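The lines below spell out each chain.
There are 2 protein chains.
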Amino acid sequence: MIPVSQSDPEKRELSISDLQSHIREMYFEKDAARGVDGTFMWLMEEMGELASALRGNDKENLAEEFADVIAWLATIANVANVDLNAALVAKYGSGCPGCSRLVCECPDSEKP
Amino acid sequence: MIPVSQSDPEKRELSISDLQSHIREMYFEKDAARGVDGTFMWLMEEMGELASALRGNDKENLAEEFADVIAWLATIANVANVDLNAALVAKYGSGCPGCSRLVCECPDSEKP
Numbered sequence: 001m002i003p004v005s006q007s008d009p010e011k012r013e014l015s016i017s018d019l020q021s022h023i024r025e026m027y028f029e030k031d032a033a034r035g036v037d038g039t040f041m042w043l044m045e046e047m048g049e050l051a052s053a054l055r056g057n058d059k060e061n062l063a064e065e066f067a068d069v070i071a072w073l074a075t076i077a078n079v080a081n082v083d084l085n086a087a088l089v090a091k092y093g094s095g096c097p098g099c100s101r102l103v104c105e106c107p108d109s110e111k112p
Numbered sequence: 001m002i003p004v005s006q007s008d009p010e011k012r013e014l015s016i017s018d019l020q021s022h023i024r025e026m027y028f029e030k031d032a033a034r035g036v037d038g039t040f041m042w043l044m045e046e047m048g049e050l051a052s053a054l055r056g057n058d059k060e061n062l063a064e065e066f067a068d069v070i071a072w073l074a075t076i077a078n079v080a081n082v083d084l085n086a087a088l089v090a091k092y093g094s095g096c097p098g099c100s101r102l103v104c105e106c107p108d109s110e111k112p
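Keeping their order, the protein sequence lines are chains A and B.
As numbered in full-length UniProt numbering, residues 1 to 112 make up the first sequence, in order.
As numbered in full-length UniProt numbering, residues 1 to 112 make up the second sequence, in order.
Source of the hints: derived by calculation from the structure; they are not laboratory data.
It should be emphasised that the depicted structure is a prediction, and the values quoted were computed from it without experimental measurement.
Treat the hints with caution; some may be incorrect.
[To be verified] Derived DSS-like pairs: lysine-lysine, alpha-carbon spacing no greater than 25 Å straight-line:
1. 111/A x 91/A
2. 59/A x 30/B
3. 91/A x 111/B
4. 11/A x 59/A
5. 91/B x 30/A
6. 11/B x 59/B
7. 111/B x 91/B
8. 91/B x 59/A
9. 30/B x 111/A
10. 11/A x 91/B
11. 30/B x 91/A
12. 59/B x 30/A
13. 59/B x 91/A
14. 30/B x 30/A
[Claimed, not checked] Computed footprint of chain A on chain B; a stretch qualifies when at least three of its residues, placed anywhere within it, have a C-beta under 8 Å from a C-beta of chain A:
15. 75 to 87
16. 91 to 102
[To be verified] Just so you have them, the derived chain B footprint on chain A, three or more residues with Cβ under 8 Å:
17. 92 to 98
18. 102 to 112
Think of the CB as a built atom: it goes at the ideal place given N, C-alpha and C, for glycine as much as any other residue.
Extracted from the complex, chain A is given alone in its bound form (with noise of 0.2 Å):
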């Protein structure tokens, strides 16, 4: 579970794995049973709240929106059995994927 630090909670820094392991203990039995093609479409319904969020002007709302789409995708990497700590470091520890810069240089024309 998440390390609780009792002086000020909202200031714990969380991992990408902690993350995924707290959702996997809150989450699993109920994920699994539901399998993967089940819950991408919570994740499309919390996709469509976030971009509700996103053009309005409830600045808590949005943020609990991307923390319930984040969620949602740690469920589904746990039903895919898939470490998204290690896909992440994979693909963008070191600097983009398409230029290799550690700030993009691109071109326009292939991702603007």
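With chain A fixed as given, assemble chain B onto it according to the hints.
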């Protein structure tokens, strides 16, 4: 930037905050110019690639697609000025937001 362990870079533990600031360093100039709407389109493209990878058998590609979706989410969070670590700790740091348990006990009628 992500701290590099020369011995085994794949075993680096990334924090949510490190990831978000790393993505900011790499892409913020382009991200800010593109704005939220245009960036959301790229996120949706990656989401489709994730859906496709979830149906396939290429485990390495699947991990890459998860990394891409999370990177684009971090990008949008940067443009929208949302702190992902704070958002996740606030919503999921004390257990399931629905039932407050560390292992979710929400009734299946709510979220199976």
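Evaluation of the provided hints:
1. 111/A x 91/A: 17 Å, holds
2. 59/A x 30/B: It holds: about 23 Å lies between the C-alpha atoms, which stays within 25 Å.
3. 91/A x 111/B: Status violated; Cα separation ~33 Å.
4. 11/A x 59/A: Within the cut-off at roughly 18 Å; holds.
5. 91/B x 30/A: 19 Å, holds
6. 11/B x 59/B: With Cα atoms ~18 Å apart, residue 11/B and residue 59/B stay inside 25 Å; holds.
7. 111/B x 91/B: 17 Å, holds
8. 91/B x 59/A: 14 Å, holds
9. 30/B x 111/A: 9 Å, holds
10. 11/A x 91/B: 13 Å, holds
11. 30/B x 91/A: 19 Å, holds
12. 59/B x 30/A: 23 Å, holds
13. 59/B x 91/A: Answer holds: residue 59/B to residue 91/A is near 14 Å, not above 25 Å.
14. 30/B x 30/A: 39 Å, violated
15. 75 to 87: holds (count 9)
16. 91 to 102: holds (count 8)
17. 92 to 98: holds (count 5)
18. 102 to 112: It holds, with 6 qualifying residues against the three required.
Hints 3 and 14 from the list above are not met by this structure, while the remaining hints are.
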